[in-house]
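Starting from the known structure of chain A, arrange chain B on it as the hints suggest.
Chains as they are written, first to last, in my numbering: chain A, 31 to 225; chain B, 31 to 225.
Just so you know, nobody snuck in bad clues.
A pair counts as met if it fits within one copy or between any two copies, since identical chains are not told apart.
With a straight-line cut-off of 35 Å between C-alpha atoms, the simulated DSBU-like cross-links for lysine-lysine are:
{"id": "1", "residue 1": "213", "residue 2": "38"}
{"id": "2", "residue 1": "207", "residue 2": "176"}
{"id": "3", "residue 1": "38", "residue 2": "207"}
It is worth saying that the hints were derived from the structure and are not from the lab.
Since we're looking at a predicted model, the values are computed, not measured.
Number of protein chains: 2
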Amino acid sequence: MMLTKKRKGIIFVLSSPSGGGKTTLCRALKKERFNVVFSVSATTRKPRPGEKNGRDYIFLDKDEFKRRLLRRNFLEWTDNFGDLYGTPKRFVMETVAKNRDIILAIDVKGAMRVKRILRGAVLIFVLPPSLGLLKRRLKARKTETKEAERRRLSIAEGELGCYKKYDYAIVNDEVTKTVARLKSIIIAERHRVNR
Amino acid sequence: MMLTKKRKGIIFVLSSPSGGGKTTLCRALKKERFNVVFSVSATTRKPRPGEKNGRDYIFLDKDEFKRRLLRRNFLEWTDNFGDLYGTPKRFVMETVAKNRDIILAIDVKGAMRVKRILRGAVLIFVLPPSLGLLKRRLKARKTETKEAERRRLSIAEGELGCYKKYDYAIVNDEVTKTVARLKSIIIAERHRVNR
Numbered sequence: 031m032m033l034t035k036k037r038k039g040i041i042f043v044l045s046s047p048s049g050g051g052k053t054t055l056c057r058a059l060k061k062e063r064f065n066v067v068f069s070v071s072a073t074t075r076k077p078r079p080g081e082k083n084g085r086d087y088i089f090l091d092k093d094e095f096k097r098r099l100l101r102r103n104f105l106e107w108t109d110n111f112g113d114l115y116g117t118p119k120r121f122v123m124e125t126v127a128k129n130r131d132i133i134l135a136i137d138v139k140g141a142m143r144v145k146r147i148l149r150g151a152v153l154i155f156v157l158p159p160s161l162g163l164l165k166r167r168l169k170a171r172k173t174e175t176k177e178a179e180r181r182r183l184s185i186a187e188g189e190l191g192c193y194k195k196y197d198y199a200i201v202n203d204e205v206t207k208t209v210a211r212l213k214s215i216i217i218a219e220r221h222r223v224n225r
Numbered sequence: 031m032m033l034t035k036k037r038k039g040i041i042f043v044l045s046s047p048s049g050g051g052k053t054t055l056c057r058a059l060k061k062e063r064f065n066v067v068f069s070v071s072a073t074t075r076k077p078r079p080g081e082k083n084g085r086d087y088i089f090l091d092k093d094e095f096k097r098r099l100l101r102r103n104f105l106e107w108t109d110n111f112g113d114l115y116g117t118p119k120r121f122v123m124e125t126v127a128k129n130r131d132i133i134l135a136i137d138v139k140g141a142m143r144v145k146r147i148l149r150g151a152v153l154i155f156v157l158p159p160s161l162g163l164l165k166r167r168l169k170a171r172k173t174e175t176k177e178a179e180r181r182r183l184s185i186a187e188g189e190l191g192c193y194k195k196y197d198y199a200i201v202n203d204e205v206t207k208t209v210a211r212l213k214s215i216i217i218a219e220r221h222r223v224n225r
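Next comes chain A alone, as it looks inside the complex (with noise of 0.2 Å):
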């Protein structure tokens, strides 16, 4: 009765240092089909293996970007190394306007700006379970530089501190028990009665 009062979708940013595990989490909770949405950023970084342009990233050479940049296409968008990263603006607006939640999985940066433009959004932070493991994970991607590694793991350490800033914490110590705490938080998101 009361609550059938028309709202619109939830938008939840869930964002870690680099290596914090976010990619891995999303990846697990879309298996579940659950229901939610999931944004895909832009960005003009190299697929890495297995990556699928319009499934992991809608991949885009950098004159591209920055035209769709101007267009003011980005809901958020940042520059890591070099590389830039977008959330589509239309998807991600068009998504909640259907009464639908949607996930945005970006850096620290990213979460900060929207959580100043889109003052309802709810933001999740992936914590990894200890430093060395972070460091661990980093070293395992080797995709990069030790110079880009040590840059990264720096940025990383300082990233963790931001954590304050969030709505939640979550300790991504094992992929299921996490899916299992960011499903709780979505369902329970969704009875807050201030929204």
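Then chain B, alone, in the frame of chain A:
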């Protein structure tokens, strides 16, 4: 790491208009052995069939209830058509001090008092699927006079409007589903950053 900061248990207040189904809900949650403690209210009303002293309520006579009231033994108390109900303060405080979460299944007035005293308490409103069903549930109870039933229903209707003062509202359509929603809210709150 940063999440190991010493924190206290969370107080969850579950309330609904009379007949809204909070008792059934708590019973179902208890059966699942979900990791949460339940507060047992003291009351001066007579036990209903099947109710056990110390498990469902702490049954007290009016004099004893008043003695405890004067000793400030209750976190909150309510006079419901002459029947007194109170939440034993000490048990709640000792539970949260041990970093365990506790559920208080109390009425709307009691919930509002707890909210004023304990800012960090999380209020969950349990809504009956419809007012018609609420009526039927109150009638099915058959433990009171027509007049008491009418007054109770009129109060219940008024209380339904209180849901806006709660943090969460869940519709009690099917016990299994409602218990799942309740568990999600508890798990989500355990991962909130600002508490």
